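Chains as they are written, first to last, in my numbering: chain A, 109 to 371; chain B, 74 to 359.
Worth flagging that the hints you see were computed from the coordinates, not collected in a lab. In this text, all values refer to a predicted model and were calculated from it rather than measured experimentally. Backbone N, C-alpha and C fix where the C-beta goes; we use that ideal spot for every residue, glycine too. Just to be clear, a hint being listed does not mean it is correct.
[Said to hold, decoys possible] Taking lysine to any residue pairs in the SDA-like style, the calculated list, with each CA pair at most 20 Å apart, reads:
| id | chain 1 | residue 1 | chain 2 | residue 2 |
| --- | --- | --- | --- | --- |
| 1 | A | K283 | B | P90 |
| 2 | B | K318 | B | M138 |
| 3 | A | K202 | B | L95 |
| 4 | B | K173 | A | K202 |
| 5 | B | K173 | B | E249 |
| 6 | A | K229 | B | M138 |
| 7 | A | K229 | B | E115 |
[Said to hold, decoys possible] Cβ-Cβ distance ranges computed for the label pairs, FRET-style:
| id | chain 1 | residue 1 | chain 2 | residue 2 | range |
| --- | --- | --- | --- | --- | --- |
| 8 | A | L235 | B | Q225 | 37 to 43 Å |
| 9 | B | P96 | A | F268 | 29 to 35 Å |
| 10 | B | A340 | A | P281 | 38 to 44 Å |
| 11 | B | G122 | A | P205 | 37 to 43 Å |
| 12 | A | I270 | B | A87 | 22 to 28 Å |
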Amino acid sequence: MQQRSVNPVVAAIGWLVMAFLMAPIVIVIGAAVSDTTYLAFPPQGFSLRWFGNVLQQRSFMASFQTSMQVAISATSIALAIGLFAAYGLARFGKTIPAWFGSVFLLPLFVPEIVFGFSLLKTVIVSLELPVTTALIVGHTIICLPYMVRVISASLSSFDFSIEEAAVSLGMHPIKVFLTIVLPNIRSGVIAAVVLAFITSLNDVAVSLFLTGPGVSTLPIEVFTYVEQFFDPSVAAVSVLLMGVTIIVMALVERTLGLGKAVK
Amino acid sequence: MGADTITRTNRVTALAPWLLVLPATMAVFALLAVPVGSTLAESFSNPLGVFENYRRFFASDYNRMVVLRSFWIAFATTAIALAAGFFAAYLIAGSGPRTKRILILLSVFPLLTGVVVRSFGWMVILGRNGILNNALIELGLINAPLSLLFNQGAVLVGMVYLFLPLMILSLVGVLETIDQDLYSAAESLGSSPFGVFRQVTFPLALPGMVVGSILVFTGSLATFVTPRLLGGERQMTLATLLHEKAIISFDWEAANTIATIMIVLTALSLVALGMLAKRLSPKGRA
Numbered sequence: 109m110q111q112r113s114v115n116p117v118v119a120a121i122g123w124l125v126m127a128f129l130m131a132p133i134v135i136v137i138g139a140a141v142s143d144t145t146y147l148a149f150p151p152q153g154f155s156l157r158w159f160g161n162v163l164q165q166r167s168f169m170a171s172f173q174t175s176m177q178v179a180i181s182a183t184s185i186a187l188a189i190g191l192f193a194a195y196g197l198a199r200f201g202k203t204i205p206a207w208f209g210s211v212f213l214l215p216l217f218v219p220e221i222v223f224g225f226s227l228l229k230t231v232i233v234s235l236e237l238p239v240t241t242a243l244i245v246g247h248t249i250i251c252l253p254y255m256v257r258v259i260s261a262s263l264s265s266f267d268f269s270i271e272e273a274a275v276s277l278g279m280h281p282i283k284v285f286l287t288i289v290l291p292n293i294r295s296g297v298i299a300a301v302v303l304a305f306i307t308s309l310n311d312v313a314v315s316l317f318l319t320g321p322g323v324s325t326l327p328i329e330v331f332t333y334v335e336q337f338f339d340p341s342v343a344a345v346s347v348l349l350m351g352v353t354i355i356v357m358a359l360v361e362r363t364l365g366l367g368k369a370v371k
Numbered sequence: 074m075g076a077d078t079i080t081r082t083n084r085v086t087a088l089a090p091w092l093l094v095l096p097a098t099m100a101v102f103a104l105l106a107v108p109v110g111s112t113l114a115e116s117f118s119n120p121l122g123v124f125e126n127y128r129r130f131f132a133s134d135y136n137r138m139v140v141l142r143s144f145w146i147a148f149a150t151t152a153i154a155l156a157a158g159f160f161a162a163y164l165i166a167g168s169g170p171r172t173k174r175i176l177i178l179l180s181v182f183p184l185l186t187g188v189v190v191r192s193f194g195w196m197v198i199l200g201r202n203g204i205l206n207n208a209l210i211e212l213g214l215i216n217a218p219l220s221l222l223f224n225q226g227a228v229l230v231g232m233v234y235l236f237l238p239l240m241i242l243s244l245v246g247v248l249e250t251i252d253q254d255l256y257s258a259a260e261s262l263g264s265s266p267f268g269v270f271r272q273v274t275f276p277l278a279l280p281g282m283v284v285g286s287i288l289v290f291t292g293s294l295a296t297f298v299t300p301r302l303l304g305g306e307r308q309m310t311l312a313t314l315l316h317e318k319a320i321i322s323f324d325w326e327a328a329n330t331i332a333t334i335m336i337v338l339t340a341l342s343l344v345a346l347g348m349l350a351k352r353l354s355p356k357g358r359a
């Protein structure tokens with residue numbers, strides 16, 4: 109596309125807005141490595157002791173474990189049911205009306221805090237599910253819209269006549285799905301998984317109502333910690349959380365790239 | 074193959090589409106529709122009258138203030154994000170491919186970072202022993218730290234920060250699709266830069282503005298963490314009040330009522346923004 113010169117004043121304000129976006133992140137990273145007992149920026153000295161402090165705190169480590177367990181389980185369940193749903197919607201558009209797809213987007217329109225509170229009353233109080241199970245249930249629902257939407261988008265460009273050809277040549281439909289459909293929508297599936305995983309990993313508003321004594325997720329733990337204490341260890345946890353996000357993204361890029369290389 | 078098997082296969086084939094969407098539909102129904110539906114229903118089930126809970130809720134000045142404040146914060150956040158987002162989106166859409174990629178990555182990264190981390194960043198900046206106060210003291214501009222947190226300004230800054238990336242990405246999406254020749258045509262016909270914006274950019278960017286505004290408005294109406302951490306007790310919004318009633322004062326009747334108000338407000342703002350978009354759009358489409 110032909111490039112257009114942006115009005116310099118507009119561009120300058122644009123850069124300021126971008127700086128506003130980056131400032132808190134840079135400051136948190138700086139404060140995390142500062143060799144001080146208070147939150148300082150620019151960092152004074154360089155020290156990783158606050159990271160060490162975090163890794164030694166049992167509450168942070170235990171809640172990190174819960175977070176990972178919940179994120180992995182919720183993403184897997186949402187993937188299983190979401191993949192089927194997206195495939196059904198795309199493949200049988202004649203049978204299933206188009207509006208039906210929006211059923212799976214409903215979780216996006218209910219304020220998370222309302223959903224969390226409602227789940228607390230049904231799942232925890234009435235059904236008395238254990239905390240971890242309740243968390244997985246809640247997170248599965250908030251992950252589902254991303255699965256269905258992103259996978260549907262990548263299925264919309266898939267040519268189903270390839271699938272029909274394979275079936276009519278005698279291949280079993282399940283084998284067709286696994287060996288022909290799935291590889292073709294792989295990048296969509298991976299993008300959906302990453303989005304869902306990160307959504308679960310960062311969730312506060314739903315988890316807030318479901319976590320109980322002794323079982324907590326990392327964002328909830330950090331949230332309650334921040335309300336009481338104000339020291340660089342939270343900055344260190346924040347940096348570690350950003351790190352997880354980056355690692356997940358990079359890992360996906362890597363596996364996707366490696367998968368292509370093997371092929 | 075016997076006739077029986079054929080009918081059975083046909084029946085399975087006819088059911089297959091529905092079997093595929095069944096698990097996800099059941100999950101949404103049982104785990105979202107039923108729980109949230111019962112919250113809605115319970116809010117109207119006061120024995121003294123269907124709207125008794127609402128009468129009680131709105132009888133309090135404090136509660137009415139909270140509703141107005143939530144609305145105002147959502148409105149102001151959307152307006153500020155729209156204005157600031159336009160400048161950033163303009164810059165991104167007009168940049169070369171390399172710069173564009175980096176700027177988009179920089180806008181996406183905060184989105185993937187948790188709300189707690191992003192609000193904490195502002196606590197570090199605005200806190201009593203925060204960076205801004207320390208800097209001002211060091212510069213000799215003030216003697217004692219200012220209280221910059223737990224006021225509406227802090228909540229607004231945090232909210233704008235939270236939702237700006239969504240707005241930028243929605244706007245970049247539409248700005249990129251505008252044909253560059255349109256700008257040159259408008260300019261060569263003597264349009265001023267502002268005229269070009271009003272007559273070319275604005276109408277064509279409208280769909281992105283509407284999508285961005287819907288995301289930001291409904292999002293900020295529902296956000297809990299930012300008003301809680303940056304606004305505290307003094308800047309209660311519907312979301313923080315719901316949490317307070319449900320978990321701290323254990324008043325589930327009030328919590329049901331607030332939850333229902335939040336859902337109704339979200340739905341109303343979706344409808345209103347949709348209608349606004351239709352009216353603003355020159356050809357009646359959007």
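Each hint tested on the structure:
Taking the CA atoms of K283/A and P90/B, the gap is about 17 Å. The hint holds against a cut of 20 Å. A distance of roughly 16 Å separates the Cα atoms of K318/B and M138/B; the hinted pair therefore holds under the 20 Å criterion. Of the pairs offered as hints, the one joining K202/A and L95/B holds, with about 17 Å between alpha carbons and a cut-off of 20 Å not exceeded. Restraint check: the Cα-Cα separation between K173/B and K202/A comes to about 40 Å, which exceeds 20 Å; the hinted pair is violated.
Proximity of K173/B to E249/B is assessed by CA-CA distance (about 11 Å); at most 20 Å being required, the pair is judged to hold. Proposed proximity of K229/A and M138/B is contradicted: the alpha carbons are some 27 Å apart, above 20 Å. For the given pair, K229/A sits about 11 Å from E115/B by alpha-carbon distance, which is consistent with the 20 Å threshold. Separated by about 40 Å at the C-beta atoms, L235/A and Q225/B satisfy the suggested range of 37 to 43 Å.
In this structure the supplied range 29 to 35 Å is violated for P96/B paired with F268/A, their Cβ-Cβ distance being about 22 Å. A C-beta distance of roughly 40 Å is found between A340/B and P281/A, which places it inside the suggested range of 38 to 44 Å. Separated by about 39 Å at the C-beta atoms, G122/B and P205/A satisfy the suggested range of 37 to 43 Å. One distance hint, 22 to 28 Å for the beta-carbon pair I270/A and A87/B, holds here, with the actual separation near 23 Å.
The structure shown violates the earlier hints numbered 4, 6, 9.
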